[in-house]
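Protein chains: 2
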Amino acid sequence: MFNTLIRISYDGTNYSGFQVQANALTIQGELERALSVTYKQPLRINGAGRTDAGVHARGQAANYLAPFRIAAEKLPYALNALLPPDIVVTEAVEVSGDFHARFTAGRKIYSYTLDRAVFPRVMKRLYSYHLPEPLDLAAVRDAARLFTGTHDFKLFQAAGSSVTDTWRTLYRVELTEEPEKQLLVFYFEGSGFLYRMVRLMTGSLIRVGLNKLNKSDLEAALKGDNSDAAGPTFPAQGLCLEKVHYEQLF
Amino acid sequence: MFNTLIRISYDGTNYSGFQVQANALTIQGELERALSVTYKQPLRINGAGRTDAGVHARGQAANYLAPFRIAAEKLPYALNALLPPDIVVTEAVEVSGDFHARFTAGRKIYSYTLDRAVFPRVMKRLYSYHLPEPLDLAAVRDAARLFTGTHDFKLFQAAGSSVTDTWRTLYRVELTEEPEKQLLVFYFEGSGFLYRMVRLMTGSLIRVGLNKLNKSDLEAALKGDNSDAAGPTFPAQGLCLEKVHYEQLF
Chain A
0 MFNTLIRISY
10 DGTNYSGFQV
20 QANALTIQGE
30 LERALSVTYK
40 QPLRINGAGR
50 TDAGVHARGQ
60 AANYLAPFRI
70 AAEKLPYALN
80 ALLPPDIVVT
90 EAVEVSGDFH
100 ARFTAGRKIY
110 SYTLDRAVFP
120 RVMKRLYSYH
130 LPEPLDLAAV
140 RDAARLFTGT
150 HDFKLFQAAG
160 SSVTDTWRTL
170 YRVELTEEPE
180 KQLLVFYFEG
190 SGFLYRMVRL
200 MTGSLIRVGL
210 NKLNKSDLEA
220 ALKGDNSDAA
230 GPTFPAQGLC
240 LEKVHYEQLF
Chain B
0 MFNTLIRISY
10 DGTNYSGFQV
20 QANALTIQGE
30 LERALSVTYK
40 QPLRINGAGR
50 TDAGVHARGQ
60 AANYLAPFRI
70 AAEKLPYALN
80 ALLPPDIVVT
90 EAVEVSGDFH
100 ARFTAGRKIY
110 SYTLDRAVFP
120 RVMKRLYSYH
130 LPEPLDLAAV
140 RDAARLFTGT
150 HDFKLFQAAG
160 SSVTDTWRTL
170 YRVELTEEPE
180 KQLLVFYFEG
190 SGFLYRMVRL
200 MTGSLIRVGL
210 NKLNKSDLEA
220 ALKGDNSDAA
230 GPTFPAQGLC
240 LEKVHYEQLF
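Protein chains in written order, with numbering that gives the first Met the number 0: chain A, 0 to 249; chain B, 0 to 249.
Be a bit skeptical, because a hint or two may be false.
Any copy will do: because identical chains look the same in the list, a pair fits if it lies in one copy or spans two.
[What the hints assert, rightly or not] Below, simulated DSS-like cross-link-like pairs (lysine-lysine); rule was C-alpha separation at most 30 Å, straight line:
id, residue 1, residue 2
1, Lys-39, Lys-180
2, Lys-73, Lys-211
3, Lys-39, Lys-222
4, Lys-180, Lys-73
5, Lys-180, Lys-242
6, Lys-180, Lys-222
Honestly, the hints are just simulated from the structure, not real lab data. Quick caveat, the model's predicted, so the values are computed rather than measured.
Sequences and hints are given; from them, build the entire structure.
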């Protein structure tokens, strides 16, 4: 069997999330359909992360085992010809048999984008959350530093996950003001993320920026003490899986 | 009667163009519907430019006469609450009775955006045209200068217009490479534009960049001599009406 890693970008607007579900349009479903046509037999993929309904990706990763080799440099073209225009395979790499896109994954980077214009910018509306209110960005940056390091993020996990170990390490939480300063982008880089953790952290940070949450309450939440300080879960359309790192591919 | 200028941005993807048509979804139709609800009677608008199906705008303008005054600073909020999320009114200004968004319009700026990434960038796909082929940008810049000034652009007009005077003045044709250099944006600033003129000029310039058209052939086309040098008409989704200037509003 030939094991292949693919990198995928997608606009999640019209999908019920990454993971295959019965009677729902999913990213995984579309990828498996394209792969099954290409290899002329049913194939399944392992995704690196299961993005929710409406969440986007510029750097999702997945692997699959195939019964014969197709040259890696030709695969993106073959698959993109079969995929809808809102899912694009940007790279394919042959990997060793024991590579698994989820279990082998190292650091991941997510972004959360806020549109800060007074009126929503139409061409960004599907890829950002409109928040024109004044924000204390110094306070947000200060609070963002609390998240870095290793913490029990159990309060930053939405119901609906079966994960039991809720300790995670964040290497970087960064705010970037994009051109014309009307887009504010948060980057979260970590060893892994709990269910809706990024959207909950973004919710807390914005409450700090709106002076509706104190840094000390957030500190308590990271010690598991103050569940009111976590969230709200910010809307899906602002979230994007930017990158999945692999220490070694072979 | 109270005359009001409104500035509008829209994502043209799902519309049959700006101008009202029977049995078609149009920007003008949606704006007039929102205005008629707001003012509780049928109102018509004059648009500054009639963008085609699928063409976008960040700075379209229109005016309308209303039977009573609504404070200009409140109008965008009132209208946006009634408009679909892909049409956003960004400004309203009271103007004198003889102001007309089309006849009073001065310079207009259009942009045309090319996605130069190897594989299409999904989050840009609705707002750009994917053209990964190598381009001789120096040749494109050189050719772009030919368009500036006053010319008879009759060969840069698509069939279907009743315009008889085809002389127009372009003040600026500029290429900008956007962040990461994977977006190439053309800006065209002029006294006015013929039907599909920007998309035809972009088509010619890209043929120059692909070494499929000589600068001298383009020069001949601008003297009305070489109709083969004009176009092709580039796809609608790359085009955006950026700005309509008014020398004086009152």
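We went through each hint and held it up to the structure:
no. : hint              : result
1   : Lys-39 / Lys-180  : neither (49 Å within a copy, 38 Å between copies)
2   : Lys-73 / Lys-211  : between (52 Å within a copy, 27 Å between copies)
3   : Lys-39 / Lys-222  : neither (52 Å within a copy, 56 Å between copies)
4   : Lys-180 / Lys-73  : between (39 Å within a copy, 25 Å between copies)
5   : Lys-180 / Lys-242 : both (24 Å within a copy, 20 Å between copies)
6   : Lys-180 / Lys-222 : neither (34 Å within a copy, 44 Å between copies)
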